[in-house]
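Enquirer: Sequence:
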Amino acid sequence: YFRELPEIDYQSFLSDTLSTKAYIRVKNLFRRNKLRDDLQNSFTLFNKYEIAEGARPDTVAEEFYGDSELDWVVLMTAGIVNVRNEWPLSNRDLYNLAEKKYGIAGLNNPHHYETTEVKDSIGRLILPAGKIVDSGFTIPNPDNVAVTINPVVSITNYNYEVRKNQEKSSIYLLRPSYLQQFLNDMRQIMIYGRSSEYINDSLIRTENTKVIGT
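Quick note: the sequence shown uses the numbering used here, first residue 1, plus one each step.
Where hints are given, some of them may not hold.
Unchecked claim - Straight-line Cα separation of at most 25 Å, BS3-like style, residue types lysine-lysine; simulated pairs:
| # | residue 1 | residue 2 |
| --- | --- | --- |
| 1 | Lys48 | Lys168 |
| 2 | Lys48 | Lys100 |
| 3 | Lys168 | Lys100 |
| 4 | Lys48 | Lys101 |
| 5 | Lys168 | Lys101 |
| 6 | Lys131 | Lys164 |
| 7 | Lys48 | Lys119 |
| 8 | Lys168 | Lys119 |
| 9 | Lys131 | Lys119 |
No lab work stands behind these hints, which were simulated from the structure alone.
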């Protein structure tokens, strides 16, 4: 990804600089790109992908695009900004995280309670599963309203973390047939326009305040 970024000559403020005209050449991290909104909303351009246990962005890029260095394309098209928080953990890392967060004794403690599905005797849905409720939540029995039932299940702290991690495993990746066009568009966006700072298409130079101030 960083190879795709243009460069900028930035005024040097290092203490050992020998000249007031000295510059430091760095990658322009402020020149960021993102997937176009019109493309992001077009599901015909994407394939749903399930991240396997222990897979990394580079291994997914190798499998899907045949090039591990396109890991940044995987992250960008999946809408992932913070890999640490948004990429699924391996089972071992997930367990270690949960143990650190809740303690061994707290892993099986209730995190919250959810409804279970309830239907009446002819199959009509009365209560969907997955609604967060209190442990004492009750409803009338659909086949005998004089009786109440408690259609509630406990979701443990560990199961809650597993669920969250599993949700991160389903991502959408740009189809390989559109990859080259995406790369071409990105490289075009990275080209600098003409300005007072322009050196060439991939390099600009900031003003030197040391020179201006003298």
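Enquirer: Taking 25 Å as the top limit, are the C-alpha atoms of Lys48 and Lys119 close enough?
Expert: violated, 32 Å
Enquirer: Under the criterion that the straight-line Cα-Cα distance not exceed 25 Å, is the pair Lys48, Lys100 satisfied?
Expert: Not satisfied, since the Cα-Cα distance of roughly 32 Å exceeds 25 Å.
Enquirer: Does the alpha-carbon distance linking Lys48 and Lys101 stay inside the 25 Å limit?
Expert: Violated - the C-alpha atoms of Lys101 and Lys48 are around 31 Å apart, more than 25 Å.
Enquirer: For Lys168 and Lys119, compute the direct alpha-carbon distance and say whether it is at most 25 Å.
Expert: violated, 31 Å
Enquirer: When you check the alpha-carbon spacing of Lys168 and Lys101, does it fall within 25 Å?
Expert: Holds. Lys168 to Lys101 sits at ~19 Å (cutoff 25 Å).
Enquirer: Would the pair Lys131 and Lys119 pass a check requiring their Cα atoms to be no farther apart than 25 Å?
Expert: Holds: Lys131 and Lys119 sit about 15 Å apart, inside 25 Å.
Enquirer: Would you mind confirming whether the straight-line C-alpha gap from Lys131 to Lys164 stays at or under 25 Å?
Expert: holds, 16 Å
Enquirer: Do the alpha carbons of Lys168 and Lys100 lie within 25 Å of each other, as the hint requires?
Expert: Satisfied, since the Cα-Cα distance of roughly 20 Å is no more than 25 Å.
Enquirer: Between the alpha carbons of Lys48 and Lys168, is the straight-line distance 25 Å or under?
Expert: Given pair Lys48, Lys168 holds - Cα atoms ~12 Å apart, limit 25 Å.
Checked against the numbered hints above, the structure breaks hints 2, 4, 7 and 8 and satisfies the rest.
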